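Participant: Here are the chains, one letter per residue:
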Amino acid sequence: MPAVVEVRGVEKDYPLGKLTVRALRGVDLTIDAGEFVSIAGPSGSGKTTLLNLIGCVDVPTQGSVSVDGQATSSLDDNGLTNLRLHKLGFIFQTFNLIGVLDVFQNVEFPLLLQGGMDKAARRARVEAIVDAVGLTPQLRQRPNELSGGQRQRVAIARALVTGPRIVLADEPTANLDSQTGANIIDLMKELNAKDGTTFIFSTHDAEVMRHANRVIRLADGLIVDDGRGAPRAEVPAPASPA
Amino acid sequence: MGGVAQLRLMVVLGLRSLWTHKVKTLTVGSLLFFGTFLVVVGTALLDSIESSMARSITASLAGHIQLYDADAKDPLALFGSGFMGSDDIGEIPDFAPVKAAVSAVPNVAAVVPMGIGMATISTPVELDQVFLSLREAVRDKDQARIDALAKRTRAIATDLVTEYANRAKISTDTERIAKAQADLARVLSDAFWKELEDSPELSIQFLDSHIAPLASDGRLVYLRYLGTDLDAFTRDFDRFQIVEGEEVPSGHRGMLLSKTFYEKQLKHAVARSLDRIRDKRVQGTTIAGDALLRTIARELPKQYQRITYQLDPADAGTLEGQLRELLPQVEGGLPELVQAFLAVDDANFDARYAAFYELIAPHIKLYEARPGDVITLRAFTKGGYLKSVNVRVFGVFRFSGLETSDMAGAQNLVDMMTFRELYGQMTPDKRAELADIKAKVGIEDIDRASAEDALFGGGALVEEHQDDEAGFDEFRGVDLAGQVERLREEAAAPFDQTAVDNGLALNAAVLLKDPERLDESLAAIREALDAAHLRVQATDWQSASGMVGQFITVVRLVLYIAIFIIFLVALVIINNSMIIATMERVAEIGTMRAIGARRRFVLVMFLFETGVLALLSGGLGGAAGIALITALGHSGISAGGVDIMVFLFSGPFLYPSAGIDQLLLGVTAIIVASLASTLYPALIATRIQPVVAMQQKE
Numbered sequence: 001m002p003a004v005v006e007v008r009g010v011e012k013d014y015p016l017g018k019l020t021v022r023a024l025r026g027v028d029l030t031i032d033a034g035e036f037v038s039i040a041g042p043s044g045s046g047k048t049t050l051l052n053l054i055g056c057v058d059v060p061t062q063g064s065v066s067v068d069g070q071a072t073s074s075l076d077d078n079g080l081t082n083l084r085l086h087k088l089g090f091i092f093q094t095f096n097l098i099g100v101l102d103v104f105q106n107v108e109f110p111l112l113l114q115g116g117m118d119k120a121a122r123r124a125r126v127e128a129i130v131d132a133v134g135l136t137p138q139l140r141q142r143p144n145e146l147s148g149g150q151r152q153r154v155a156i157a158r159a160l161v162t163g164p165r166i167v168l169a170d171e172p173t174a175n176l177d178s179q180t181g182a183n184i185i186d187l188m189k190e191l192n193a194k195d196g197t198t199f200i201f202s203t204h205d206a207e208v209m210r211h212a213n214r215v216i217r218l219a220d221g222l223i224v225d226d227g228r229g230a231p232r233a234e235v236p237a238p239a240s241p242a
Numbered sequence: 001m002g003g004v005a006q007l008r009l010m011v012v013l014g015l016r017s018l019w020t021h022k023v024k025t026l027t028v029g030s031l032l033f034f035g036t037f038l039v040v041v042g043t044a045l046l047d048s049i050e051s052s053m054a055r056s057i058t059a060s061l062a063g064h065i066q067l068y069d070a071d072a073k074d075p076l077a078l079f080g081s082g083f084m085g086s087d088d089i090g091e092i093p094d095f096a097p098v099k100a101a102v103s104a105v106p107n108v109a110a111v112v113p114m115g116i117g118m119a120t121i122s123t124p125v126e127l128d129q130v131f132l133s134l135r136e137a138v139r140d141k142d143q144a145r146i147d148a149l150a151k152r153t154r155a156i157a158t159d160l161v162t163e164y165a166n167r168a169k170i171s172t173d174t175e176r177i178a179k180a181q182a183d184l185a186r187v188l189s190d191a192f193w194k195e196l197e198d199s200p201e202l203s204i205q206f207l208d209s210h211i212a213p214l215a216s217d218g219r220l221v222y223l224r225y226l227g228t229d230l231d232a233f234t235r236d237f238d239r240f241q242i243v244e245g246e247e248v249p250s251g252h253r254g255m256l257l258s259k260t261f262y263e264k265q266l267k268h269a270v271a272r273s274l275d276r277i278r279d280k281r282v283q284g285t286t287i288a289g290d291a292l293l294r295t296i297a298r299e300l301p302k303q304y305q306r307i308t309y310q311l312d313p314a315d316a317g318t319l320e321g322q323l324r325e326l327l328p329q330v331e332g333g334l335p336e337l338v339q340a341f342l343a344v345d346d347a348n349f350d351a352r353y354a355a356f357y358e359l360i361a362p363h364i365k366l367y368e369a370r371p372g373d374v375i376t377l378r379a380f381t382k383g384g385y386l387k388s389v390n391v392r393v394f395g396v397f398r399f400s401g402l403e404t405s406d407m408a409g410a411q412n413l414v415d416m417m418t419f420r421e422l423y424g425q426m427t428p429d430k431r432a433e434l435a436d437i438k439a440k441v442g443i444e445d446i447d448r449a450s451a452e453d454a455l456f457g458g459g460a461l462v463e464e465h466q467d468d469e470a471g472f473d474e475f476r477g478v479d480l481a482g483q484v485e486r487l488r489e490e491a492a493a494p495f496d497q498t499a500v501d502n503g504l505a506l507n508a509a510v511l512l513k514d515p516e517r518l519d520e521s522l523a524a525i526r527e528a529l530d531a532a533h534l535r536v537q538a539t540d541w542q543s544a545s546g547m548v549g550q551f552i553t554v555v556r557l558v559l560y561i562a563i564f565i566i567f568l569v570a571l572v573i574i575n576n577s578m579i580i581a582t583m584e585r586v587a588e589i590g591t592m593r594a595i596g597a598r599r600r601f602v603l604v605m606f607l608f609e610t611g612v613l614a615l616l617s618g619g620l621g622g623a624a625g626i627a628l629i630t631a632l633g634h635s636g637i638s639a640g641g642v643d644i645m646v647f648l649f650s651g652p653f654l655y656p657s658a659g660i661d662q663l664l665l666g667v668t669a670i671i672v673a674s675l676a677s678t679l680y681p682a683l684i685a686t687r688i689q690p691v692v693a694m695q696q697k698e
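Going line by line, the protein sequences match chains A and B.
Numbering follows the working numbering, with no gaps: position 50 of the first sequence is 50.
Numbering follows the working numbering, with no gaps: position 405 of the second sequence is 405.
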C-alpha cells in the first residue's frame, strides 16, 4: 500500500508566555492508504498536535509533513485549504456541526465548497452517505434536535461526503457514552473496510484503541511505539505539559 | 466556488444566522430601518420643497437664470441678501445686445429686463384730503360743495375740540394744547367761514398749516418696485394674473400693484384690521383667545375718525341713520355710533365685518390708490437726488398659488421707462434738453488741462447784465407751463419695444423652454455672453434669489449632517455587534475553515449576511418612508400661514411626493454604510484559524 501520510523529523514548538512548549520533539511516521490507525497517549503527549499537522490546520516548526504526496510546508493558506477540502475529512471531539443548517445541509456543505457537482448528483451523494450513517429519518433536522451519537454520525457523513483520502478524528468518542462510542468506531471501521478510506483517530480510551489495526503511542512529544514493531525511543522524564 | 447552489447556501446561512442572533438582528435592523426611513423622508421632503420653492422663485420673479453686471460689487439677491443696506449689483448699460446674445441660445424662451428699486408714496391725512377738496371747490366757486365741506370741517374740528379737551387733562404741554384749542375755536367761529369767502387762500392756508397737523399723521409708504418689460413679464411669467383693473397697455407707462401690497399697505387701516381679524378667525383663532387679536380689536374703535373724516355730509347722514338702526341703544352722534360699531368681539364680528363692507366701505377711500389713479413715486436716483415720477396704476396682480406669500408679493411692477427715470438715467429727450440748456446758457465743455486758463485768463467770460427795474427773476425766460405740459406729454407718449430694449437694466431674467436643462443652458448662455464680449454674468435662480435660495441648501446640509451622524452611530453599533457576533461564531468559522472554506468565503458570508439585513430593513424603512410621504402628499403639509413657508411650499400646503429615486438613494446608502461597518469584523473573522475547531472541548 502506498503511504498517504509521511511525517519526517517533525518538531512543533508553541510559545507559552516566556516559555516554549515543545509539543513534538522529532517525530517520524508513515501511514499507508487504507489503514485504520489510532494515535494513543496521555493528555499532553502531542496527539492533537500531530493530528493538526497531518490535518493541514497547522504547520511544523521543523521537519516536513506530506499528505498524499504533497508537502504541506510548501503551501500557502489557500493551498492548505484546498488540500483539506479535497483530500481530508474531519471529525471533531465536539462534533462541530453548523447549528443553523440541517443534517442534509451540513453534509452538503463541503460539496458546495468544492463546487462542480450538479444538484441531482449532489443530492444523491448526500442522501447515500446519510443513509450509510443511518440518519435518513433525521435528514431535515437541525443538530440541536439530535443526540450526541447522531451528531457524530452527521460529522462522519460530512467528513466522508467528498470521498477524502484520509479522515482525521480527534477523540471522536470522548463526548459519547461507551456504547455509542463503540458504535461510532464500528461505523468508522465499516466505512474504512468498504471504501478503503484511511482513518486516523486519536484517543486515550483503551476500549476504543482495541478496534484499531495499528496503534501509534505517543508520550511527551515522541513516538514510543509506531505500532509496526519495536518502540522508537525511550521515554525521557517529562519536561512540561503541552 | 460558484453557482446558484453556493448563493443558496449563503442565503440559508445568512437568514438562519440572522434568525438565530435575534437581538443583534433586531438592533441592527432597527437602525437600518430608521436610517433608510430618515433618508427617504428627508430627501423626499427636501426635493419636494426644493421644486416647489423653485416654482415660487422662478415663477414670481427670478426666471430660471438671472443675468447681471459681471463687475457687480455685491452678488445678486432678488429676495434680499439678509444684510442691511441695499446691494450694489451694478448695471447693464444696454440691454439690447444682451437680449440678442442670450435669446440666440436654443433653450431660451425669453429674456426679460429688470431693475429693482425702492420708492415712497405718501398717503395724505384725512383732513388734508378734506382741505384739498375745499381748495378745489373754492377754485371752482362751487358754493354747495364749499358749504358741505365747511360743515365737514366744522364737524371734524368739533371732534378735535373734544379730543384736545381730553388731552389737556393728561398732557403737560399746556402751551401747545392751548394754541390748538385756540386754532380750533377760530375754525368753529362763523367769522372764519366769512373770511373764507373774502380771502379763501389765506383761510385755506390756515387750515393746512394749523388744523391739518392736529389730526393724526399721514403715512409714508415704502414701495418696492420692479421695473421691467411689462409685456414680456406678463406673458412669460405664467403664474402672473391680474385680479383687479387691467394690464398696462403695450407701449405705455404704468404700474401694476401687487395684491399683497395693495391689501396690506394701501388698504384703509380699519378695513385692514378687520381683514386681519377675519383671516385669523377663519383659521380658527378667536379674538378672546389671542392676545394680538384682542389688541387689534381694542384699538379699532379709536380709529373711528379714519372713517368719519372721510365721509361727505350726505353720506354721513345716511350712515348715521343706518348705524342707529343697527345700534339703537347707542347715544350720541355719528362718532359714537362708529366707535360702538367698531367695538367687535367674537359674538358680533361676522355681522359687523359684513356690515362694514356693505354700509361703510362704499363711502370711504378703501384703498389709497386704485387702478385708474395716478400716484407719485419718490425715489433716490443713482446720483443721489430725489426724483418724483407720476405713474398711473392700471391694475392689481398676484402670482397664482402664492396669494398669501408676502415675499412673492413684495414687488410692484412698473414699466421700464418709469424705472429708468426713477433710477436717474437720462432719456434721449432729456439729454437733448440738457444740451439745449447748455447751449443757451453758454456752458462750454472744458478739459482739465485748460480749466485754469478758462477760469482766470482769457477773454471776459462775465458779461455785464443790465437788470430791469422788476429786479432779478429766476424764472424769467423759463416757460413753466410749457415745461409741465411737455413732461406730461413725455409721460403719456407711447414707446415701442426698441425703446424698452435699448437702454439700461439692472438685471434680467431668462426663462427656459426646458427648465430641466438648466446647467447646460447656463453654460451656453455664459458662452454666448463671452462671445459677444458682454460684461454680464449669468447665475441660476437659486443663487440669484439670495438668502431664500440658500435656505434649502442650508436645510439640506443640516439633514445630511444629521443623516451622517445617525449613520456614524449606526456604523459603530453595527461594527460592535458584528464583532461580538464574530466572537460568538469563532468555533463555527473555524470548523468551516477546517473543512475547506477559504477566507474569501468567510468574508463574503459576513458581508452577505449584513447586506441581506440591510436590504430587508432598508427596504422596509424606505417603504415606510414612501408610505408616509404618500400619505402627506394626499393630506398636504400646512405652511401654517407663515409667509416664508408659503413661499417655500409654493402655496399654503406642500404636497410632497417620493419616488424610486429617494428609495434607491436610501437603500443604497444604508447598504453601503452597513457593508462598510461589517468589513472590519468580517476581516477579523477571516483571520480565525481552522485549528480553533480542533481546540473545542466541552
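Treat the hints as calculated values from the structure; they're not laboratory data.
These numbers were taken from a predicted model, which means no experiment stands behind them.
Hints may be right or wrong, so weigh each one.
[Said to hold, decoys possible] Far from chain A by the CB rule (all over 12 Å, computed), these chain B residues:
1) Leu46
2) Thr172
3) Arg585
4) Arg598
[Stated by the list, open to error] Pair by pair, the computed Cβ-Cβ distance ranges are:
5) B:Ala676 <-> A:Asp77: 21 to 27 Å
6) B:Leu7 <-> A:Ala128: 20 to 26 Å
7) A:Arg214 <-> B:Leu7: 31 to 37 Å
8) A:Gln141 <-> B:Ile637: 51 to 57 Å
9) A:Ser147 <-> B:Leu7: 49 to 55 Å
[Claimed, not checked] Among chain A residues calculated to face chain B with C-beta under 7 Å, some are:
10) Val57
11) Thr61
12) Gln62
13) Leu75
14) Asp76
15) Gly79
16) Leu85
17) Leu112
18) Leu113
For glycine and all other residues, C-beta sits at the position ideal for the given N, C-alpha and C.
Participant: Of the numbered hints stated previously, which ones are contradicted by the structure, given in increasing order?
Facilitator: Hints 3, 4, 7, 9, 11, 12, 13, 14 and 15 are the ones this structure does not satisfy, whereas the remaining hints hold.
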